Amino acid sequence: MSSVEESAPKRRRSTCPASPGAEALLNLDSSLTDLFNFSPLAVASTPESGAQQPVISASPTSICSPPAQTGAEPSAAAPLTSPVLCRKTSSASRRRPCRVRPTPGPAGRGAASPPPADFSQEPSQLTPRPRSVPAIERLRRRLAASSQSQWGAASPSLPLPSYGVSPALVSQVSGAPSSCEAESQRRRAALVRAAETELPPCSAVGPFHGLPSLVQTLLAKQRGITALYEWQEECLRLPAVLKRDNLVYSLPTSGGKTLVAELLILKEVLCRHRDAVLVLPYVAIVQEKVRALAPFGIALGFLIEEYAGSRGAFPPVKRRKRRVVYVCTIEKASGLVSSLLEADRISELGLVVVDEVHMLGESGGRGATLEILITKLKAAAPEAHLVGMSATIGNMDDLAAFLEAQVYQGQFRPVQLREHVLLDGQLLEVTGPAPKAPPLDADDWRALLTPRRTPLFQYTEQQRQRDPDGVGGLVAEVVPANSCLVFCPTRKNCEAVARLICSALKSELKEHALDKKKSLYAALVTEGGGTVCPVLRQTLPYGVAYHHSGLTTDERKLLEEAYLEGTLCCLCCTSTLAAGVNLPAKRVVLRSPYTGSAFLSRGRYKQMVGRAGRAGIDDSGESILIVSPRDAKLVGQLLTAPMERCVSTLLEQDGHGLRRLLLSAVALGLADSPAALVGLLGRTLLAKQAETLKVDLTALVTDTVAALRSERLLRISRRDGGTDPANPQPIAALKAVSERDANTDVKLDASRDDTRDASRDASRDATRDATRDYDPGEISAEELAADGRAWSETWQLKVSRLGTAAVKGNVDLRLAGRLYEDLSRAQSALAVINQLHLLYLVTPYDMMDFIQPCAVTFLDMYSALNEEEAAVARLIGVTEAQIVRMMSGKKASSMPVAHRFYLTLVVYEALRGGSLWDAAHRCQLQRGQLQALLQSTGAFSAAVLHFCRQLDELWPFVQLLDVFNRKLATGAAAELAQLLELPAVKQGRARALYAAGYRTLADVANADPEALVRTLDHLPRRVARQIVDSAKMLLLEKAEALQEEAEFLLDGIKSAQFHSSPGLGEVLLNSARADPVSEPPLEVADPATGPPQQAAGGARTDAPSETAVTETISK
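At position 667 of the sequence shown (counting the first as 1) the number is 851 in our numbering, and the numbers step up by one without a gap.
Keep in mind the hints are simulated off the structure, nothing from the lab. Please read all numbers here as calculations on a predicted model, not as lab measurements. Backbone N, C-alpha and C fix where the C-beta goes; we use that ideal spot for every residue, glycine too. Where hints are given, some of them may not hold.
Under the rule of at most 35 Å between Cα atoms (straight-line distance), these lysine-lysine pairs were calculated in the DSBU-like manner [stated by the list, open to error]: (1) LYS694 / LYS676; (2) LYS790 / LYS700; (3) LYS562 / LYS427; (4) LYS562 / LYS502; (5) LYS694 / LYS790; (6) LYS427 / LYS790; (7) LYS872 / LYS790; (8) LYS405 / LYS790; (9) LYS700 / LYS405; (10) LYS817 / LYS676; (11) LYS502 / LYS1222; (12) LYS427 / LYS502; (13) LYS790 / LYS817; (14) LYS690 / LYS702.
Per label pair, the in silico range of CB-to-CB distance [stated by the list, open to error]: (15) LEU1014 / ALA1195: 47 to 55 Å; (16) GLU645 / GLN600: 34 to 42 Å; (17) GLU836 / ARG1096: 34 to 42 Å.
All chains, full assembly: derive it from the sequences and hints.
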């Protein structure tokens, strides 16, 4: 008998008859077996001995704990192949965290335990365990109602995986209560003790920076990375990393910052068994990162969840077995942290990584959102490890003080960058000042330049007239052997420059990668519903394309993939590409030192030129800034200017960010008094820069609390008990507002056009009454105004119902009252004869700032409405006369209802069916604009749903929007719903997958990547593998969520019910929680066939075939 088996507690095998629910348990771990070709108890044969050896489940324990076998190398226990996780280990297994469960062999149960499995094997080399899989429909039906609430009615019915549950465990809980009651009680007590057992401490024994060697193998296989840069090695050994202190590190673009963050994330989920959050700035980068991490999650046994756009649940599904990496945009990360705080689950987060943390200084609300997120984390999750990645900025000390972090800075670039300026036909290299030279000012900037040469391309006279700046010649010098990015100031200029470049290129270039270009064109035709942009049709033969937000997400993704694959050799793009996906180039050309009408900033310039140079391909990269003589002095200032400072934006937009921070802090329980809010505000970047910005934190809190109270978002009530404060806070500003607002009226921005009538006043009265919380302890305005000079500790800040709805719905506080009024007015006369009225209510207000109505198009769309649709328009308050007045010159801003209804008609037109191209053409919008409006509408609709859930009087909208949101997410293509869940897969590629026969996530997960490459137009192998891995990851997430939900429901069953009627509940609960040990296979008697026979080695002779298993799961 092996030492491992001796350490396991001996258990008496129950001889009680089988429970009726035992059959269902046998099917729990079969759902993903065929998909991944191995199981938690898989047995592999070694070529040397031919002996069977058990494969250790991919649990956090087995990943980072010492090997069970004496003398084993650390690397042998580190890598893993199974994506399935084990339960928490018992006290016996904690002494041997990598304990191998002995599998019965030919010699029976007492056979010696073989040596650990060879983790270098691929999953396909592992032999799946034979298993018996009867029907599982009864279990599915029991979970149908609860699973629909989680995944929606349209979600597929998925079987539940067992994740390490052995069928042998059923024999321990399947006895009749009359003869097994004592045994059942003993088992339940053991389960309680096992459930309370803490996970063993992290023991990072892996050879690769404490990680399993499989991580290193995956990096080489998936990304071609065989070694780390010297600075990455140094950074991973910093005391801040080893001691888990907060860290912010800064390097130039393309320096390899993201890889360090990914290794820290892997160490967190694999070794410390805690969840991690990766915050990225844009949706496209989130989707790219989800696809890139999917192979690691599959191989290493953790989950990856996307939080971007309309994706992501609040709060997330609670995982008991697997760790999760949440990949989020800034806005979604803030909502995720808030939901975890509210659910008292913030301790689940062990690491938060923020990419582009210098975006704290970005205006428009995103910088404020990021500052709020980090402040909440510091206040509520002090144990979480916070890591920030930043570009070079001028005030890193402020950033480090705010993050309470150590700083690591460097200037490493894997490829040398040579910067040039093209001025007066001369190519001048930016070499910098001479050694020991005094600092230069803008007037002396030419001393930074060293003449190199004139452009090599020979223009004809006609070409020179069309292209006086020589952009085409600069591109022609490097393509097609190398790639080139051309940054243009505007979207329209991107298209013009793409045409201009093609006129300078030789016609022979059309033959380069011709087959790939044809495949790309076919993919664009599919995406456009049979239509391709005329500009792309002209430029694609030369390997040139434009790239900006006017294209759809799918079109941009196709062009990016084509550029990386070498099908395209030149992209003409706007500056936003520099901050988006990683598209390096041999040469980067800046067509002009402007972005729009604004001159380039130093940070944006460095970001753009940083794309020059491809690691592993080029030994150097070069950038060329084209400068006209009139801009020469400004360019001198650009080249000599220091890096921009990162400044807090909480006070922008009349302090909107500050109001969001304080209201959410009260709502989440981080503060309940003005003094506590002052303390919280002291941990912001704004506080670190208060002296420079000349702001008084106490006055800011006072004024903001007063404003929130006047808008009925915040209340002040009496606290039970209390004493006078030691340091009372002044309330002069609040008293002034209270005197002005003595009648406690709700101030709502309810500006409307000529259709407003008496019902508007009645609606405002209803809004005031409904949003006010009638608390007998609330301080009245008169009391507040007459109180005197100080806050009292007996006063408490509370968020009103309207404020709670705004916070949980992530609704702009400035629009919360307006949204409530619109919904309240619609309740009295809601038209559900079609989707138009509901669609109007979820049309985002902020999109009116970006899309102005075309009066002629508006009138055409209005005139095309049928009688029922026109009636809805009149009910909303929009008439044909208003549109005529708009045509005569009246501004749309003076008619907000009509303006918003115009956007509603645009969305309505797109949802009717047909291609996005046709809908954009009919509405006179760019395809990218229309797609952005659709995505924004979907996100706002989800926010309105959360908003309504907090206000009981709006319950009808909860029922309506729950179904409507799912329709809105899929548009007219409901059959593509599952495929659209894949990251970065939009309707074009989803439609191509569907037409090729891949109609569900399971179809894609079981697909051969090579078959996808052959079937779909212009699908790179790398992307095909990522799509397949992403489908597997989504199935794992859904299956695990169903199991978590089932266990949660079973946990609620009272223990008395187990004593009286043990059945399916007891079987599932005990099996889900029991510490897996070696047991003989379950023998369940079938009334029709009699007792089952058992074959040598424990295999059932009557076990169904793999075909039968697949058919059962499919049904």
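Does 47 to 55 Å hold as the CB distance between LEU1014 and ALA1195, or does it fail? Distance hint for LEU1014, ALA1195 holds at roughly 49 Å.
35 Å Cα cutoff - pair LYS562, LYS502: Holds - the C-alpha atoms of LYS502 and LYS562 are around 22 Å apart, at most 35 Å.
Are GLU836 and ARG1096 spaced within 34 to 42 Å by their CB atoms? About 39 Å separates the Cβ atoms of GLU836 and ARG1096, which means 34 to 42 Å holds.
Is the Cα-Cα distance between LYS502 and LYS1222 35 Å or less? 12 Å, holds
Can you confirm whether the C-alpha distance between LYS817 and LYS676 stays at or below 35 Å? Distance ~27 Å between LYS817 and LYS676 Cα, so the pair holds.
Given hint LYS702 paired with LYS690 - CA-CA distance at most 35 Å: 19 Å, holds
LYS790 and LYS700: Cα distance at most 35 Å? Holds - the C-alpha atoms of LYS700 and LYS790 are around 33 Å apart, at most 35 Å.
Starting from LYS427, check that the Cα of LYS502 is at most 35 Å away, please. Status holds; Cα separation ~28 Å.
If you draw a straight line from the CA of LYS562 to the CA of LYS427, is it 35 Å or shorter? 17 Å, holds
Are the Cα positions of LYS700 and LYS405 separated by 35 Å at most? The given pair, whose Cα atoms are some 25 Å apart, holds under the 35 Å limit.
Between LYS694 and LYS790, does the CA-CA distance stay at or below 35 Å? 33 Å, holds
Please work out if LYS790 and LYS817 have their alpha carbons no farther apart than 35 Å. 18 Å, holds
Hint compliance for this structure: every hint is met.
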